[in-house]
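Read top to bottom, the protein sequences are chains V and Z. Using the numbering used here, the first residue of the first sequence is number 1, and each one after it goes up by one. Using the numbering used here, the first residue of the second sequence is number 1, and each one after it goes up by one.
Source of the hints: derived by calculation from the structure; they are not laboratory data. Here the structure is a predicted model, which is why all the values come from computation and not from measurement. Some clues are possibly wrong.
As the list claims (entries may be wrong) - In silico PhoX-like cross-links for lysine-lysine, where the CA-CA straight-line distance does not exceed 20 Å:
hint : chain 1 : residue 1 : chain 2 : residue 2
1    : V       : Lys169    : V       : Lys299
2    : Z       : Lys280    : Z       : Lys256
3    : V       : Lys259    : V       : Lys169
4    : V       : Lys495    : Z       : Lys31
5    : Z       : Lys31     : V       : Lys457
6    : V       : Lys419    : V       : Lys495
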Amino acid sequence: MRNLTTVLKIAPAFLLAGTMMHAQVQDSTEREKQIEEIVLIGYGSKKKSDLTGSVTAVSEKDFNKGAIVSADQLIQGKAPGVRITNSGGSPDSAPNIRIRGGSSLSANNNPLIVIDGIPLDSTNPAGISNPMLLVNPNDIESFSVLKDASATAIYGARASNGVILITTKKGSSRTRFNFSSNVSFGEVTKFIDVMDADQFVTFVKDYFPNNAWSLGVGGSSTMPTVAGKLYDTNWQEQIYRTSVSSDNNFSASGSLFGKLPTRFSFGYNKAEGVVKNDDLQRFSAALRFNPTFFDNHLKVDLNLKGFRIDKNVVDGSGAIGSALTMNPTYPVFYDYVQDPMLNNTYFGGYFQNVIFNPTTSNYSFAGANNPLATLEQRRRPENTNQFLGNIELDYKFHFLPELRAVVNLGLDRSETKIKEVYEDFARNSIGSSSGVTTFNGFVYNPGVSYAETQNKKNRLMDAYLVYQKSFGKVLSNFLIQGGYSWQDFRNEGNKDLYTINQTTGVREPLIDTNNPTNGYFTNVNLQSFFGRTNIDLFDKYLLTFSMRADASSVFQGFEKQWGYFPSAALAWKIHQEELFNLGSTFKELKLRLGWGQTGQQDIVSIVGAFPSRPLFSIGNPNSQYLSGLNIYSALPFNLDLGWETTTTKNIGLDFATRNNLLSGTVEFYDRETKDLLLQVSSPPGQSLTNAFLDNVGKIGNKGVEMNLNVNPVRSEKIDWNVFGNFGYNKGEVIDLNEVTEINAGGNLPVGTGVQIARHVVGLQPMMAWVFEQAYDTNGEPLAGVFVDRNNDGLLNNDDRYNEQLTPNWTYGFGSSLIAGNWDFTANFRGQIGGKVYNGSKVALGFVQNALPQNALSLNNVIDFYDGVSSFNLVSPTDDMYFSDYYLEDASFLRLDNFTVGYKINNVFKSNSAIRFYGSVNNAFIITKYKGVDPENFGGIDSNFYPRPRIYTFGLNLDF
Amino acid sequence: MKNNFYKKIIGLALLGALSIGCTDDLNTEPKYELTLEQLLQQDPNAIDGMLSKMYSTFALSSVNGAGSSDIAGADPGESPFVRGLINLQDFTADGMKNRWGDGGLDPLTTTSNWSANNKFFKYMYDRIYYTVPQTTNLILILKNRVEVSNEDQYISELRFLRALSYYYLIDLFGKGPLVNDDTFGSSAPLPESNRQQLFDFVEAELLDIENKIAPSNSYGRANAATVQMLLAKIYLNAEVYTGTARYAEAATYASKVIAGGYQLETNFRKNFATDNNTSKEIIFPLIADAVNSQSFGNTTYIIQGSIGAQTMNPANYGAVNPPDGAWSGHRATKAWYGLFGNSAADLAASTDVRAKLFWTTGHNWEMNDYKEWTDGYPSVKFTNLSSTGTGTPSVFVSTDFPLFRLADALLIYSECAARNASGASMAQGLTYFNQVRTRSGASAFPSYTLQNVLDERGREFGLEGVRRQDLIRFGKFTGGSYLWPWKGGVKDGTSISDNYKVFPIPTTALQANPNLTPNPGY
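Pulled out of the complex, with its shape left as it was, chain V reads as follows:
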């Protein structure tokens, strides 16, 4: 019903636009767009053919198609060596982006994202998980992915994981309008194989006959073998929906008053997740002016972007978890009036498992909460207003036109308001269940249970001078530039916290007299001096040197604060070399050599903004100890923290044939990071807690990337392109100072504190440290029995071995075909190798998982009858969690998107066109993995938010 109304809301606009366009079909010729081969490189731009560093540019025509909510989706699988793994299928799921593996182990490994010259904060506003939501995908003109240090070094700090530069569209001289609209439908394609009601009844009667009373509704512990009234519910079906999303965008560009190139755009995107009530909407508006003054001596670029993002955040993993464990013999809704013991409706009509305890004459809850009620009885609006603006003044001196001064001032300001509100009669709002002797005794706490307001203010100032001149044939181009950059990141906010009164069960504000607003505050300041020179000789040999000095406030003291990061690169345009006479075959044949260093200081998310200072925190009101005193805790710190430094070496070959048939790039790189900012277990007792950050050790990444574009047919009517890319990256932990392995997290879904991953010297980061499972003659796993790999007769940690979680190979390929008015695109991507730990198999895969500790209820489990788990596995043991039985191959091939479009030119005036299209995202996946989805960033699959298959229908109108 809900879905239908949404469709009805969207359909009119869509239909109206469609019919309008159709009515005015006209004839005209589409002017082929000249693709500008100017690539942004940081504090400047360059012709693609003159690049010396490793830069992958992805422009609009190559973007992924279909249901696109955030910018990262546009280039997934498009750039070799760039692995983008979103954390699930929610519209706002965080993308984990790795360019050539991660250069750090604990510090932030995401690349720096720069939108129109403003580097984004690595910490998102509280109401947003995906920073790429902060640009309307429809406004994006191109991406530049800077991969090697000679390209990134100019960004110095924050650039050691590469840089993604996003450029939005500019105003044009001709007046153009664009309207685009689409609607999409998403569905879940795979459920976890838990038991259905019939199987579960059989299973319980076989294995837990004395708990049969927990089957269905109305059983009693006094007659333990008698089941209640049985229902048949597929809880996974209950929590998911067919999502309906729509995206509408309008843009206008032209020259105001014939002088002021301007572009304006407005977008409205409404995105539904496949988990019920997981909703997001984004309003975006962008205004860009690019005027020039004084005979083009002054170029001004004013960029204003505003966003409003409203989300309703659901407890997705909680609901997914409950949907897996909730007893399938329970109903979804229940009219408690029918129950002779009761005389009212409760829990808003949702079934909740309440049991009456004859011993205590009390009612209490047992087992999982109704996952549908979890989703529907709580709202958590998170509303973010974001402003992103900058003005760049680029002045070419009148007395010396070769010299330019550039000043860029930017502001990134956001305000987020979060509220968590319970509906009336929400089971989850019942705080305490003490002494409920009547069904009426449950104390509901509707209303606000949490609130937060956050303000972020990030400011940026860059100023630099550039001198550029050509000195004839020998020194065909000379550029030198130098400048200063200042960035300040401030994040402050406060929270309303509540606590349940232990006596009354009523929710009350939690007042901390020492911090009445529950405020928080971080402030990071970065400053840099940078310089770069380009020397081009004979237009054949291109040299680039850059140097950057960076300081970060997270470190303390001059010595530690400042880091120095140089780079050098050489490119040789072989096709220009008359000696080889390749110019007739190759439009481009260029060899690049690069070397450079970059720094890393982004540790705020692990240890806060002040990790290098001895500080005390004030305890909260529930954690007092000696009477009459405030409690103060000495926070761990490390005075000696300093820059982590990554050194990259890169060799690349760019090629393109004259006939445009073939073009591509091959690159080899070798990257080494030393003084890693690493969360290490302190030698016991030697720091203020068991694990803290230190500059430790060294890791390396070596790899190959290749990118190939083939254009076999290119004619008036038909243009067929095929592209393919792959990246091979092999990481290695080279040194960890005093130790040879450290914990790397990898929390298993079996309670807190059980972790499987380690970083081991000599191996790739993130190894799963496992026992080799032993199997019986039927091939079934034997509980707690493993292979004694070292044959010493003992089974202990010495028998464990390391399995690599992260894959080495990632690839993408696809094709686009334009045939007359039709166009077809297909984009595939995938990975080879790597492992995923199948978490549901361990959390629901022991027979004993069906019976919770208090034995007052039953939990659903994996379908043992289907062979997903084995009846041999009765109850879990410590070591069983570390069995390689749970590791599965993570290789996959996914048809990421497939699109068919039909374009009608000159619909109602010349130079106008309308295109209709349909696309499928996540059309299929080929994998051996038995769980929901092998594409898992952390390698541990637990209550994963499924990536939906999405069908999109849309139109795009240019006029």
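Since chain V is already given, all that's left is putting chain Z on it; use the hints.
Same frame as chain V, now just chain Z:
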């Protein structure tokens, strides 16, 4: 003209831009965390507040509520000190078992399959090595950075807390790096100190502060008797720790404690109820409060864990219904309640009040399956009501944990006398022994043996975190001379190997400091 104007603007913009950027901005200031100087300025009792934190580390998970932990990667509920003490000292021994089995409790409760990967060993080890550097850090602050009038008193208390942590390291793990005022702050991994070296350090520290620390102190803080009690305990177990018996010193220090003005409570239960903060018997409590000192790993664990709504009414003990409370996990075995008789009827008929602190209705005497809630009797020794039975049920409890109490000192003396410690007399030992018994309504013995002491300790100290230590001292923990239900993973018990006298050094510690070595057999 226009151009000149324009140039000026650009020039000014550049200049302005450069001057906004100021390297002073690199010294960002926190708003909510305080430096030592700010804290001292803001709160005249700042040092006491820091000291409060050091005491609290034996009961709470952190200063940020029961849902967060000082220990990175640890479950805040599972990892606090008292919970570790019960898991490691009681469940591994004869008298108490737990049925949950979740993530590592089964090996403890069945004294089998101990592995360096078991998180419960790590939690205890990490808590010990949280308190050691934190107390040392504060000692160094007091010595070097602040001027306070009663510096010696603060430092003595901190040294006591550090020694207390080492005492548990010695007892549970048997070895580890020695971090003290001199070695704290060195970044190279410290060498491993053996049990003797750690013992020597703790002994020297305690002897040094015995006369520096105040003879009496406010509630919850250490005084001279607390220090003497810890000395009595390390001497009592010295033979286990170092191979050299020190029972004479144990008796001497037990006598000092006994002379310290503490009295046995006439009502035994008063030591385990919400009003036990007024008990005259408790020498060193670990504070719990339903509102102000919340933890899932203090006495909350003992009380909620010992109650199961399947067979009991949680409200009768100030506990709440599941799932918030009444976690139905722990039950005693006949190795504990069997010391009072041979059946539920015997317990009911006993004059000993301690015999009645078991819930028998709906439960079986025998523990055929330790995972079955109704096998074995839950202990209701600890309650979240007052000793007169008043109070409101709550998830977190308000009953303090009696880490040291007078009855222990009395029985230490009796034991030392029975072990022929010089200077201790059997007559005095018998008097003390019978004081403990008769206080609970049990009959006085005409004479006593060492075995009587062990049994009396069994009756008296169940769920107080000492039983494993007692059994080891009496040579009954490992081997097959004494079996109890589920010892070695078998219903009637089986022999276990001697390496179980100490726990495995956690894998994480071995990884973090290559100088550390595993305990033999793991």
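Check your understanding: Quick check: which numbered hints come out false for this structure?
Key -> none
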